[in-house]
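Asker: Which chain is which? The protein sequence lines are A, B, C and D, in order.
Residue numbers for the first sequence follow the numbering used here, so the first one is 56 and each next one is one higher.
Residue numbers for the second sequence follow the numbering used here, so the first one is 52 and each next one is one higher.
Residue numbers for the third sequence follow the numbering used here, so the first one is 5 and each next one is one higher.
Residue numbers for the fourth sequence follow the numbering used here, so the first one is 1159 and each next one is one higher.
You may find that some hints are simply not true.
[Unchecked claim] For the chain C half of the interface with chain B, some residues (derived, Cβ under 10 Å), not all of them:
(1) 8
(2) 11
(3) 14
(4) 15
(5) 34
(6) 38
(7) 45
(8) 49
(9) 56
(10) 59
(11) 81
(12) 85
(13) 89
(14) 105
(15) 191
(16) 192
Everything labelled a hint here was simulated from the structure, so no lab data went into it.
Note that the structure is a prediction, hence the values are computed from the model and not measured.
Cβ atoms here follow ideal geometry from the backbone N, Cα and C, with glycine treated the same way.
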Amino acid sequence: MSERSYTQVGTRPVRHDGLDKVTGRANYGADFSLPGMLHGALVRSPYAHARILSIDTSAAASMPGVKAVVTGKDIAETSAKLMMGEGAIDLHDVGDNLLAHGKVLYHGHPVAAVAATSLDLAREAASRIKVEYERLAPVESVDQAIAPGAPILDDKLVTAGQPSSAPKGPTNIAGRMELRRGDLDRGFADADLIVEREFRTAATHQGYIEPHACVARHGQDGQVVVWCSTQGPFAVRDACAGILGIDASRIKVIPSEIGGGFGGKISVYLEPVAIVLSRKSGRPVKMVMTREEVFRATGPTSATKILMKLGAKRDGTLVAASASLWYEAGAYRGSPSGAGAMCCFACYNIPNFFIEAYDVLVNKPKVAAYRAPGSPMVSFAVESLLDEISRTLGFDPIEIRLKNAVKEGDRAPYGPAYGPIGFRQVLEAAQAHPHWHAELGPNEGRGLACGFWFNAGMNSSATVMLNSDGSAGVITGNPDIGGTRVAQALMVAEELGIPVERVRPTVADTDVAGYTDVTGGSRVCYATGAAVIEAARDVREQLRARAAKIWNVPVEKVGWKDGQAVPQDGAGDQKPLSVVDIAAKLSHTGGPVIGRASVNLPMAGPAFGLHICDLQVDKETGQSKVLRYTAIQDVGKAVHPSFVEGQMQGGAAQGIGWALNEEYIFNRDGVMENPGFLDYRMPVASDLPMIDTVLVEVPNPLHPYGVRGVGEVPIVPPLAAVANAMRDATGIRYTELPLSPPRVLEGLAQSD
Amino acid sequence: MDTIRVQTTINGEAVEFLCEGHETLLTALRDRVGLTGTKEGCATGDCGACSVIMSERLVPSCLVLAPEAEGRTITTIEGIANGSGLHPLQQAFLTHSALQCGVCTPGFIVAGKALLDANPNPTETEVRYWLAGNLCRCTGYDKIIRAVLDAADHMRRSQA
Amino acid sequence: MSAIRYEAPQSVAQAVGLMAADPGASIIAGGTDLLVQFRGGVKRPSAFIDVKRIPELTSITLDASGLRLGAATPAAEICEHAEIRRLWPGLVEAVHLIGSTQIQGRGTVGGNLCNASPAADTTCALIVSRAHCVIAGTRGERTVAVEDFCTGPGKTLLQPGELLVALRLPRPGPRTADAYLRLIPRTEMDIAVAGAGVSLTLDARGTCTDARVAIGAVSPTALLVPAAAEALIGTSVDRAAVARAAEAASAAARPIDDKRGTIAYRRKVVGVLTSRAVTIAVDRVKGR
Amino acid sequence: MAKVHFSSALSQHTGVQEITIDAPRVRDLLDALARRFPGLETQLAGMAVAIDGQIYNDADYQTLQADTELYFVPRLAGG
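Kindly produce the complete structure, drawing on both the sequences and the hints.
Answerer: Here it is, written out as structure tokens:
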């Protein structure tokens, strides 16, 4: 990977879609309306666990202005699967989550929906639908779910990944996974120091400011159009097709600007219901969630219980590690327990380890992906224990991590050897950073922690078109949350040698864009970027052929340098032709030029992050304040550095919120008590300092520019960085998040 | 259905709309007047995405009844740019890449304008506390605060 | 759903008349609590009576006798009033803590009081400042001490058809200052988990001649704590006296466990806040 | 030709930790494994394949070199 120089990549142009966003012209999911449009409202379960005995919709259906009413019967139970990054998603569960078929599995679980001429009327009608339930005891935690005699959510459930010897019979354990290497007992026998703790983290929500929203129109000809806010228009199209038994070619999904997702807007919650309501009413239907519905009924990430044990030699070398990971899945299988197991010890070479990970059903909303799903929780555990080992053995926290850090050629816990990775360089950058050596005041503590994420590859397509004036357009199907459109424009500009302002990036609907997997998994700059570069190079090759035609020479005699076709190998003294020159002759030389590429890339190669947090603690009230924060990360190559910094700063803020104040609070009946931004306490502007960033660039050979995924790693280190800073400031090792003032004060009271 | 006729001024223009007594100013702006730049993030006054300026006061339009707009002057995000040019805050948000998804940006820019009108030379801390009612989940606030401080500096210099 | 009426009376009499004619109607000042409750289905009024067009409810007058705050004056306006900031810094602290800048542009002291949340920030500050509530109704006007106004969570002593018009605060005597502190997990935007308001007067030698201490979010209503005041009066407000006042405040607390805090936490922290508020008030008196 | 490594979970179905299989492409190797270890196929369905460190979600027609190291890894996407 020769260290090439770039003219456009690496600069910080204004994003092309920025003007609409700062002037209020950008359209998000709820900003779209159609003539004759109806408004939909959902009827949601008041119980966390119950059997549906009957649904009487007559009172609602008879109201003037009510045009359609649907229940679970209107969405057939399907056994279809949907191929996604994580593999085959079970559409049966997705369908049951849209409108319950027999049982309600969490408070807020939709059971019916109404479409009416106004939102107030739809809500009034929804309140008149009479649902008869047989209440069942709710399962509220992992401990309760696995206790003998626990209520069973799905009596047909079979634990996936369970060895054949394991007992069958009703269970709430949906899946088990294990990873093992070496001889665990001998490893711990060799250890001079063993540290072991139980860690607990609370369920947290992605917290995007834009609630889910869509408009669906089911035409009398069976053609369906959906406008929605989503991370994956193709995922929405294929999920709706699978669930409703419609041909994918009959569904067109038009992504709006998306008001944040972080993994929470990959699944479908509204779209299939809106389609069915539209079919029954013959009119377009708009559905917009309230903030309360977003909290109660869309994916938080798992609450977890983690038992972890580390063994180390006196010289700081890690020799053994074991972890038992219990992740709440919510109503249906599918927590990120597997990813947690794979990330657990991924930063360090540990010769002997045993990890078991469980996916456990509870009566809460089904969890969804939340930025490096599964990784923050295990990082909280392993980085806290490493902090203890370094204190006990008297090691500098960076030294002990350097001693055990993985490098190229080392084998990851999940098997294969690492390619080129930048973990050591990140550690060395931290060692050199002034923050690591700054003075601390009274009641202030400093914590450091590292984090890992895989970064996905998957399918992407791109189309690059050259206009006759020499400007260009690039089309992809990836909704742009974090500035990927301007990054794509930079790549096209770099390849064609034209200014980035002359490239127009567009996020197109599923009829226009080539198939592409979701915006997520930190993959868009990597995989879709690679397709964009390839498509731009396809254009460049066509321009060489056009120059050859103009010069009447074989194409081999046309070179390309700095955005110009140049004569080579004795092609005579032709004057180089710029993109603009060739574009002006397109119609003469064969017609329009369209570059096209599609890829299915292997995983992008992991990225490592390290965060340093200074925390001031008020020991009389348990309150704490982040005074200084630094995020260091191997980003491979920063295409648009401002937005790479933005991912690191945003991820850090979410991680800090997860560490200090964010949690789902349930009462004994399984009802969430804080479904709003008042008591679900996300960090506000006055809670945080400036978040300094250091971009380490160890190129990833799988991408033409060395790009590595950057979006997800930054949420991983903050949990332990804050917890280790709390330990440094108070002397107490807190092992349960969030570190809210009551919990901190209780710990302080017990310790003195 | 006894609707109420409201006569008000939005972004410097006389506007009239019909609404119901319990409708909020937010839904009236979006659904009756068609100005969808003001966003709903929570409808409980906790996220700031619906911020507008009503008679020189920064308010959450989701907690204002639409009829209360009668006879008042309202500024929404659509009225921040003055005709041809962008407001310095809008320009600063672009040059600082102070937005990612952008759904909170209208609220931040309207709140930022109210701040700079009241305090042309705020410190970082004053900016952070003034904007504490505007939630952002993407940026971690860093670049937003820098953009507001930069815009304030620019406006002070251009008035000097 | 029958549409809900909106009324905008121009006078107290007109407002009282509307309330008498329609007991199902709700008074709306800032609406920052009421509209959230309405949206959540907790309250379903037949009409909103917007009192912000009534001069007596939206005016601030300060004269020799003291301060008269219109019940529907936005918090922001109070916090911008230089004289109020000088004479009642604690009250301004409490008012300024109500929600975000946006909420400050709407929320009112009267609305905060009528919502009667046990955690309301302004109630403690009003109690220690000996504020009185001016109430209008079909049978004319009456005045009650603010510590008696809230009778329980969400409940006040207002009779049907009665309207809170204003709050009267006596002008503080010389060498008198107040302070208000609250505990919230974040730095902004939270509802108080515990709150403490203090007002005290020192003589020339620094001896405390008068004091009032009120605690919030630790009982069904904000509580005046005479024992805490007595721990200060007659002392030089030394560490021991401050500690006794804090203990008295903790002892008077009747906290509950809820999504914002535990009983033990609230009891301890209300004492810490009391001692800190006393210290600030003393510094303010000496600082002047 | 490839040296295939089995995780502890998969080795419960194969009885061995690793095996060398002569096959030109991944699809051929999977067929050989299915013949060799009945019941393994259902376990491998939906898993990604790591070929010399590069993890492919859909690897059927990737070619195998003489010294290829191959692992089976759960598929992942992310948030």
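Asker: All hints, please: hold or fail.
Answerer: Results of checking the hints against the structure:
Checking residue 8 of chain C against chain B by beta carbon gives a least distance of about 4 Å; that is within 10 Å, so the hint holds. The criterion of a C-beta within 10 Å of any C-beta in chain B is met by residue 11 of chain C, whose closest approach is roughly 8 Å, and the hint holds. A least Cβ separation of about 12 Å between residue 14 of chain C and chain B goes past the 10 Å threshold, and the interface hint is therefore violated. This hint is violated: residue 15 of chain C has a C-beta 17 Å from the nearest C-beta of chain B, more than the 10 Å allowed.
Given the 10 Å rule on beta carbons, the hint for residue 34 of chain C holds: about 8 Å separates it from the nearest Cβ of chain B. With a cut of 10 Å, the hint placing residue 38 of chain C at the interface with chain B holds, because the nearest CB-to-CB distance is about 9 Å. For residue 45 of chain C, the shortest C-beta to C-beta distance to chain B is roughly 12 Å, which exceeds 10 Å, and the interface hint is violated. The beta carbon of residue 49 of chain C comes within 8 Å of a beta carbon in chain B, closer than 10 Å, and the hint placing it at the interface holds.
Interface restraint check: residue 56 of chain C against chain B, minimum CB-CB distance 7 Å, threshold 10 Å, status holds. Below 10 Å, beta-carbon pairs count as interface contacts, and residue 59 of chain C has none with chain B, the closest being about 15 Å; its hint is therefore violated. Because the smallest distance between the Cβ of residue 81 of chain C and any Cβ of chain B comes to about 9 Å, under 10 Å, the interface hint for this residue holds. Look at residue 85 of chain C: its Cβ only gets to about 14 Å from chain B, farther than 10 Å, so that hint breaks.
Using the Cβ-Cβ criterion of 10 Å, the hint placing residue 89 of chain C at the interface with chain B is not satisfied: the shortest such distance is roughly 15 Å. For residue 105 of chain C, the suggested interface contact is upheld, since its CB lies about 5 Å from the closest CB of chain B, less than 10 Å. The interface hint given for residue 191 of chain C holds, since its Cβ lies 7 Å from the closest Cβ of chain B, which is under the 10 Å cut-off. At its closest, the beta carbon of residue 192 of chain C sits 4 Å from a beta carbon of chain B; the interface hint therefore holds under the 10 Å criterion.
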